[in-house]
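Undergrad: Below, each chain spelled out in residue letters.
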Amino acid sequence: MFEAYNRNLLRINLTDKSFQVEEIPAEVMDKFIGGMGFGVYYLTREVDPAIDALDMGNKLIFATGPLTGTGAPMFAQTALVTKSPLTNGIINCYCGGNLAQKLKSTGYDLVIIEGACSQLSYVLVTPDTVKFIPCPELQGKGVREAEEYISAQEGEDCGTAAIGLAGENLVRFASIISSTRVFGRGGTGAVMGSKNLKGVAFKGTIGVKVHNPRVFALKVDEAFAVFKIATDNPYSLLGVFSRYGTGGGMSLINERYALATRNHTQAHFATADKIDTTAYHKLANSRRIACFGCPIHCGQLHSFQGKDGFFTRGPEYETMYSLGSDCCNDDPLVLARAHNLCEEYGMDTLSAGCTIAFAMECYERGFLSSEDIGFSLDFGNGEALLKALELMARRQGIGDLLAEGTRIMAEKIGRDSAHFAMNSKGMEFAAWMPQRMSGIALTFATSNRGACHKRGPIGQELMGELPMESTEGKAKIVAGIQDKVNALFTLVSCRFADFELPIEMFISLLNAATGMNKDVTDFLDIGERIWNLERLFNLAAGLSSESDMLPARCFEPIEVDGELKSLNREEFEAMVQEYYQVRGWDQQGVPSSVTRKRLGLELPWK
Amino acid sequence: MLIYDSKSCTECQACRLKCSFVKETEYNPAKSRLSIKGKWPQMPVLKVCRQCQNPLCVKACPVSALSQEEQRIISIDYGLCSDCKLCVQACPFEAVQTCAGKIYICDTCKGEYPCTEVCSTEAISKKG
Amino acid sequence: MEIKVCFYAFFREYSPEQALQVSLEPGKDTIGDLIQVLKEHLGEKFSREVASLIKGNRELQGLVYVGSKSILRLDKLSTRLKPGDTVKFLPPMAGG
Numbered sequence: 001m002f003e004a005y006n007r008n009l010l011r012i013n014l015t016d017k018s019f020q021v022e023e024i025p026a027e028v029m030d031k032f033i034g035g036m037g038f039g040v041y042y043l044t045r046e047v048d049p050a051i052d053a054l055d056m057g058n059k060l061i062f063a064t065g066p067l068t069g070t071g072a073p074m075f076a077q078t079a080l081v082t083k084s085p086l087t088n089g090i091i092n093c094y095c096g097g098n099l100a101q102k103l104k105s106t107g108y109d110l111v112i113i114e115g116a117c118s119q120l121s122y123v124l125v126t127p128d129t130v131k132f133i134p135c136p137e138l139q140g141k142g143v144r145e146a147e148e149y150i151s152a153q154e155g156e157d158c159g160t161a162a163i164g165l166a167g168e169n170l171v172r173f174a175s176i177i178s179s180t181r182v183f184g185r186g187g188t189g190a191v192m193g194s195k196n197l198k199g200v201a202f203k204g205t206i207g208v209k210v211h212n213p214r215v216f217a218l219k220v221d222e223a224f225a226v227f228k229i230a231t232d233n234p235y236s237l238l239g240v241f242s243r244y245g246t247g248g249g250m251s252l253i254n255e256r257y258a259l260a261t262r263n264h265t266q267a268h269f270a271t272a273d274k275i276d277t278t279a280y281h282k283l284a285n286s287r288r289i290a291c292f293g294c295p296i297h298c299g300q301l302h303s304f305q306g307k308d309g310f311f312t313r314g315p316e317y318e319t320m321y322s323l324g325s326d327c328c329n330d331d332p333l334v335l336a337r338a339h340n341l342c343e344e345y346g347m348d349t350l351s352a353g354c355t356i357a358f359a360m361e362c363y364e365r366g367f368l369s370s371e372d373i374g375f376s377l378d379f380g381n382g383e384a385l386l387k388a389l390e391l392m393a394r395r396q397g398i399g400d401l402l403a404e405g406t407r408i409m410a411e412k413i414g415r416d417s418a419h420f421a422m423n424s425k426g427m428e429f430a431a432w433m434p435q436r437m438s439g440i441a442l443t444f445a446t447s448n449r450g451a452c453h454k455r456g457p458i459g460q461e462l463m464g465e466l467p468m469e470s471t472e473g474k475a476k477i478v479a480g481i482q483d484k485v486n487a488l489f490t491l492v493s494c495r496f497a498d499f500e501l502p503i504e505m506f507i508s509l510l511n512a513a514t515g516m517n518k519d520v521t522d523f524l525d526i527g528e529r530i531w532n533l534e535r536l537f538n539l540a541a542g543l544s545s546e547s548d549m550l551p552a553r554c555f556e557p558i559e560v561d562g563e564l565k566s567l568n569r570e571e572f573e574a575m576v577q578e579y580y581q582v583r584g585w586d587q588q589g590v591p592s593s594v595t596r597k598r599l600g601l602e603l604p605w606k
Numbered sequence: 001m002l003i004y005d006s007k008s009c010t011e012c013q014a015c016r017l018k019c020s021f022v023k024e025t026e027y028n029p030a031k032s033r034l035s036i037k038g039k040w041p042q043m044p045v046l047k048v049c050r051q052c053q054n055p056l057c058v059k060a061c062p063v064s065a066l067s068q069e070e071q072r073i074i075s076i077d078y079g080l081c082s083d084c085k086l087c088v089q090a091c092p093f094e095a096v097q098t099c100a101g102k103i104y105i106c107d108t109c110k111g112e113y114p115c116t117e118v119c120s121t122e123a124i125s126k127k128g
Numbered sequence: 001m002e003i004k005v006c007f008y009a010f011f012r013e014y015s016p017e018q019a020l021q022v023s024l025e026p027g028k029d030t031i032g033d034l035i036q037v038l039k040e041h042l043g044e045k046f047s048r049e050v051a052s053l054i055k056g057n058r059e060l061q062g063l064v065y066v067g068s069k070s071i072l073r074l075d076k077l078s079t080r081l082k083p084g085d086t087v088k089f090l091p092p093m094a095g096g
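Protein chains in written order, with the working numbering: chain Z, 1 to 606; chain A, 1 to 128; chain W, 1 to 96.
Chain Z on its own, in the form it takes in the complex (with noise of 0.2 Å):
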C-alpha cells in the first residue's frame, strides 16, 4: 500500500542549517491524501495562528501527491501551504511546470522550511543531504538570473523555485516563480523573502511506482482519451485553452456584463478584444509549453523582437483583467511588459494590478495627489501603470504603501477608501463579479485564503446554467464546490482537469496508486475536513465571521446592458448565514462541536 508515495518528509531548519527526514503517518496519508491536504495538516498543527506571516516562527510546507510524478495527466502542481502575510491567515498556493516532479525525485512527499537564513541563501536537496549556499550575489537579482545562476552551479537537471525583488522587499503579494510558474497568490514570496531565502533546488532521480500497474495504466488512458476529445474540439473550453490559452477571449463574459473595468465600477470593458491572446500571436512569436505530463499545455509563450525584445509567458486571463480591463489599459504591449514586471520582480499579477485600480480611483478622488505619487496615475494610462508596478517592487515613494495591498492601503488612506478596495480577508479580487455572480460573491467572501475564483461556480454561472445573480441554492453549491476542489488539490490535481474528468476517475487514479478503497463521499469528505481544518486556523489567527464579507461597492447598482443591477445586501448576509448552516456552522461561523467531531478534528494549538 501507498506505494506511489515516499512516505516521508524533509523538515529543513534554516537557522540552525539541520535537517531531518521524519516518516508520514498511514493515518495522515489516509486522511489527508497529499498537496494542500499534507500542507494543512502539518501547518496548523505546527504554527502558531497567532504569529505574524513574516515572523520567523512561520513554516513553508511545498507538498506533492500520490499522483505527482506519474503518468496519470494533469497532476503538474506543487502545493504550497503557510500563513499569508496580505490575509493574516492560512494560505494554500499552486505551481505548475516541472517542480513537483523533481521534488518528489529527491525522496520526500514534502518538504516544511522553517526558520530563517542569516544572509541571503539558496537551499538544494538531494535524495542524500541538504546543502544551504550563501548567495549575496543574487541580493536584488530577478526571478530569471536567479533559478539561471542556481542551475549553472547545481546542474540544468535541478527544479528549481527562486523569488525577485519584491519577495526580497516584503512586497505583501509576492511570489515564488519556478521556470515558467508561479505560486501567485497571498505573498509566499514575502514569507520566503522573511527567511532570507532566495531560492530552493530539487536533484533527484527517485521515480514513482504504482500499487496496481495494470489498472493504473487503463486509468490513466481512459483520462488522456477523455481530454483528447475534449482538445479535438476547437470550441471546448480545454479546445480552446489547448489552442490558446485561458486568454483565448474575454468576450463572453463582457457580454454577459461580468468583466470587472475601472476597478469594478463597471462590468463591460469595450475595448477587451485588443488584450486577448489573438492580439499576442499577431505581435509575437508564440509557442506552447506545457506543465509536466500534460496534454492540455495551456501555456503561451510569447516572444517579442526588437531593440526592447523580451520575453513573457503569459498573461493569463487573470492578468488579462487585473492589469487590463481594471486598471482600463488595452494597449496588450503594456499588458504583455506589466506581465514580465510581475515575472522578474516575482508579484502576484492580480494583486499587483486591483491594487493599482484602486491607487487609480484614489488619485481620480484626489485621495492621493500627483505630489503624493509622483506622476499622473491614470485609469488607462501604461506608462503609469509600468512606473507604479516598478516603485512597488521596489518599495520606493508611492511603492512603499502601494506593496501594502488594497486592505492597508485603505487603512491608511482613510477617507472611506475601504469601500472600493476590492479585497475580502486582505485578498485582491480575481477576475470576477461578486456584483453580477452570487456564487462568486459568496465564494469570494467565505474562502479561507480570501477571495479565491478556483472554488466558485464560474462557468455553470456565467453559462446560463445557474441563475448569475439569485442566490436561491448557492450556498450548497458553493460550499460543494469548495469541498471538491480541496480534495482534487490534494492528488494535486490541476484545476482545468476537473472540467472534463469525471470525479470517479480521479479517485480511480487514486486507488489504482495507492491501493486505498475511496468512494466518492470519503473523498469529498477529505476536503470538507480540511477545509473546516483551515477555518479553525483562522478563526484562531483573528479572522471571525465579520471578515466573511464583501466591500461595499459589491452591494451598490451597476450598469447592465441599460439596466441597473445589483447584488442585495440583505440577500447576500442570508445566503451567507445558509452556508454556515450548510456547513454546520453556528451563526459566527464556527464549526460546531458535532461537525468538528464528525471531521475527527483536533485543535492543537489549544
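Just so you know, the hints here were simulated from the structure itself, not pulled from any lab data. Be aware that one or more of the hints could be misleading.
[Said to hold, decoys possible] Pairs of lysine-lysine, PhoX-like flavour, derived with a Cα cap of 20 Å: (1) W:K45 x W:K55; (2) Z:K228 x A:K126; (3) A:K23 x Z:K209; (4) Z:K203 x A:K102; (5) Z:K282 x A:K7.
Take the given structure of chain Z and dock chains A and W to it, following the hints.
TA: Same frame as chain Z, but now just chains A and W:
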C-alpha cells in the same frame, strides 16, 4: 522510425513517462530512453537513439557490452557493463541516458514506439 | 432583411472585418440560413471549421448569440432572426 517536430513539442514529457513505465514499470523520466532538452524560449531538442549505421557508442565501449543487432538496434549486456559512461560521451546525439548506475538506449519497442501514443501534439510520431 | 454579424476573439480569424452587415432573403431567416450565407461570403476556413461542424457541435452552438442569448437557449439552428438583430460569435468563457 521516430519523427520529431520540435515546433509542436510542448515539453510535457508524457513520452518519457510512458517509456519508463513500459520498460521499468515505474514513472521516472531519468530512466526514460528519450530526453528533452528545453531552455525556453528556445525550441526544445529531443535526444533519442537513431540507430546509426556506424554506432560510436558500440565503438567506444571498452568491455564490448554494447552491440548492434537487427534493425540496427543497440543491445546492452548489463552483465558486462561497468557504467564507465564512455558510450554516453561518445554518442553525438546525447542519446544514451543514465540513471543510478545503469545506461538506457532506446530499442524502439519492436518498432511500436508506445511513446508516440501519448503525444498530444504529434510532435513525436512514428513512420514506417 | 438586414442583420449584423460580429466576430470576437479567435472567430476574428474567419473575417477580415470584425463586424459585417448581412442581407438575408425573405423566408431564409434562421441561424442555419445565415451560416450558409456566411459560408459563401467568408470562404474555405469558415466553411471547414464552423459551417460543417455546427450542426453536431453543441459547444459551438453555445457560442453563437442573438443579442444576449445563446442559440442553445433559443431554437438552436432554427432560431429565427428579425431585422436589425445582431448575431455574435463569442469565445467560451476564459479564465481559471
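Undergrad: All hints, please: hold or fail.
TA: These are the hints, each one checked on the structure:
Using a Cα cut-off of 20 Å, the hinted pair W:K45 and W:K55 holds, with the two alpha carbons roughly 16 Å apart. A C-alpha spacing of about 19 Å is found between Z:K228 and A:K126, which places the hinted pair at or below 20 Å, so the restraint holds. Distance hint between A:K23 and Z:K209 is fulfilled; the C-alpha atoms sit about 13 Å from each other, no more than 20 Å. As the CA atoms of Z:K203 and A:K102 are separated by approximately 18 Å, the hinted pair is consistent with the 20 Å bound.
In summary, the hint linking Z:K282 to A:K7 is supported, as the alpha carbons are separated by about 18 Å, within the 20 Å threshold.
In this structure, every one of the numbered hints holds.
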